[in-house]
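From first to last, the protein sequence lines are chains A and B.
Here the numbering used here is used: the first residue of the first sequence is 1448, the next is one more, and so on.
Here the numbering used here is used: the first residue of the second sequence is 1448, the next is one more, and so on.
I should point out that these hints are in silico values taken from the structure, not numbers from a laboratory.
It cannot be assumed that every hint is accurate.
It does not matter which identical chain is used: a pair holds within one copy or between any two.
The list that follows gives simulated cross-link-like pairs (lysine-lysine, DSBU-like), each with its CA atoms no further than 30 Å apart [said to hold, decoys possible]:
#, residue 1, residue 2
1, 1527, 1485
2, 1529, 1498
3, 1529, 1485
Number of protein chains: 2
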Amino acid sequence: MKTGSEKIVRLAELEIDPVQLEDYIALLTEEIEASLSKEPGVLMLHAVSVKGAPQNIRILEVYASQQDYEAHILTPHFLKYKTLTAGMVTSLNLVDVDPIALLAK
Amino acid sequence: MKTGSEKIVRLAELEIDPVQLEDYIALLTEEIEASLSKEPGVLMLHAVSVKGAPQNIRILEVYASQQDYEAHILTPHFLKYKTLTAGMVTSLNLVDVDPIALLAK
Chain A
1448 MKTGSEKIVR LAELEIDPVQ LEDYIALLTE EIEASLSKEP GVLMLHAVSV
1498 KGAPQNIRIL EVYASQQDYE AHILTPHFLK YKTLTAGMVT SLNLVDVDPI
1548 ALLAK
Chain B
1448 MKTGSEKIVR LAELEIDPVQ LEDYIALLTE EIEASLSKEP GVLMLHAVSV
1498 KGAPQNIRIL EVYASQQDYE AHILTPHFLK YKTLTAGMVT SLNLVDVDPI
1548 ALLAK
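Using the sequences plus the hints, can you model the full thing?
Right, dumping it as C-alpha cells:
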C-alpha cells in the first residue's frame, strides 16, 4: 500500500545541546514557518519542548505524501536548518506513526 | 505566571493492552470527536500510534486554559472514556510541554 500518495505522519524526538538551545529554537521556528508558508505538501509541524527539560523537543509532522516529504528535505529553508543545527542536535529519533484522530479548532 | 488563562499543552504517552487495542481506539476516537465538537476550550487532540508497535499511543493535547482542562475531565464523554478504558491502559505518562510552534494548514 506504499503508493506514495498517502500522508506521512511522524513524531521526531530530539535532544539539543542546552548551551545552544536558544539558537536552535530560533532556527527551528524559522524553518517551520517557512515550510508551512512555502510548501503545499507540508500540512502540519507542531513543535513542543518538555517543561523542566526544554532541551527535549518533540515535533509532530504531517506531510501530504512521500513525494512531498522528499521535496521538503531538499528545500533551501530545510537545508539551512539542517546545516546550521547539525552541531546543536545531540540526539534524533524519528518515529513513524499512524494517525488515529487529528482534530483541532 | 500561572494565571489559569494560559494554554495547557501536553503530550500523553500511553501503552495499551494489545488484545484490547481495537476497542481502545474506538473509545479514544469517540472521546476526541466529542471533546472537539462539544468543548470550546479543547483546542487540539492529535492521537497517533507507533508504526509496528500500535499499542504505543501518543496524544498531543491543547486546552485553552487550566479551567478548560479541569472542565474537560469532568465531562460525560471523558468520564465514559476514562472508565471504559481503565482496564485497557497498561501505562500512562503525561508530559507537560511548552509550545514552540504549532502550525498547520
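Results for each hint:
1. 1527 - 1485: Cα proximity of residue 1527 and residue 1485: one copy only (15 Å, versus 42 Å across).
2. 1529 - 1498: For residue 1529 and residue 1498, both the intra-copy (24 Å) and inter-copy (25 Å) Cα distances are at most 30 Å.
3. 1529 - 1485: Result: close within a single copy only, 17 Å intra versus 41 Å inter.
In this structure, none of the earlier numbered hints is contradicted; all agree with it.
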